[in-house]
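Residue numbering for the sequence shown follows my numbering, starting at 57 and increasing by one per position.
Hint data in this document are derived by calculation from the structure and do not stem from the laboratory. It is possible that part of the hints are untrue.
To be verified - In the BS3-like style, the derived pairs of lysine-lysine whose C-alpha atoms are separated by at most 27 Å in a straight line are: (1) Lys-107 <-> Lys-125; (2) Lys-139 <-> Lys-164; (3) Lys-164 <-> Lys-125; (4) Lys-161 <-> Lys-125; (5) Lys-100 <-> Lys-157; (6) Lys-100 <-> Lys-161; (7) Lys-161 <-> Lys-139; (8) Lys-161 <-> Lys-133; (9) Lys-158 <-> Lys-133; (10) Lys-100 <-> Lys-158; (11) Lys-151 <-> Lys-100; (12) Lys-168 <-> Lys-133; (13) Lys-117 <-> Lys-158; (14) Lys-161 <-> Lys-107; (15) Lys-117 <-> Lys-107; (16) Lys-114 <-> Lys-151; (17) Lys-125 <-> Lys-151; (18) Lys-114 <-> Lys-164.
Just so we're clear, the structure is a prediction, and the values are computed from it rather than from any experiment.
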Amino acid sequence: MFKKITFSLIAFLLSQTVMANTDAVNQLMQSYASTQSIQPSAEKGQQLWNKEFSNSGKYAKRSCSTCHKSNISLTGKHVNTGKLIQPMSVVSNPKRYTNVKKIKKWFKRNCKWTLGRECSAEEKASFLLFLNQ
């Protein structure tokens, strides 16, 4: 029953935002909702995006915005490689969230590098809500 309510809440949130209407985002949101009781929000995603995490190595303090910028409509730059990163906002970069495999790959890689661990389903769903508004 609770899963059904949680899933309904996520479906409602998706319909109330300017989400990238891609099968990839919808598929991932449904997947995250089915794994555990989650309460994602764009606000949580934005807070997590800008939160600094302590890590070992050259860049001891990192956040998503370290490379991707706080303003997700701007082009970012990887602090280690110097490689330019296209805007994360779906408004600025509509093709950003169209491939489930790529989204999963980048969540895994970037969460481990930034947070020092893989992101939870709620964190991933919150990121998607934030990035797709």
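Of all the hints given earlier, name the ones this structure violates by number, lowest first.
Violated hint: only 16; rest satisfied.
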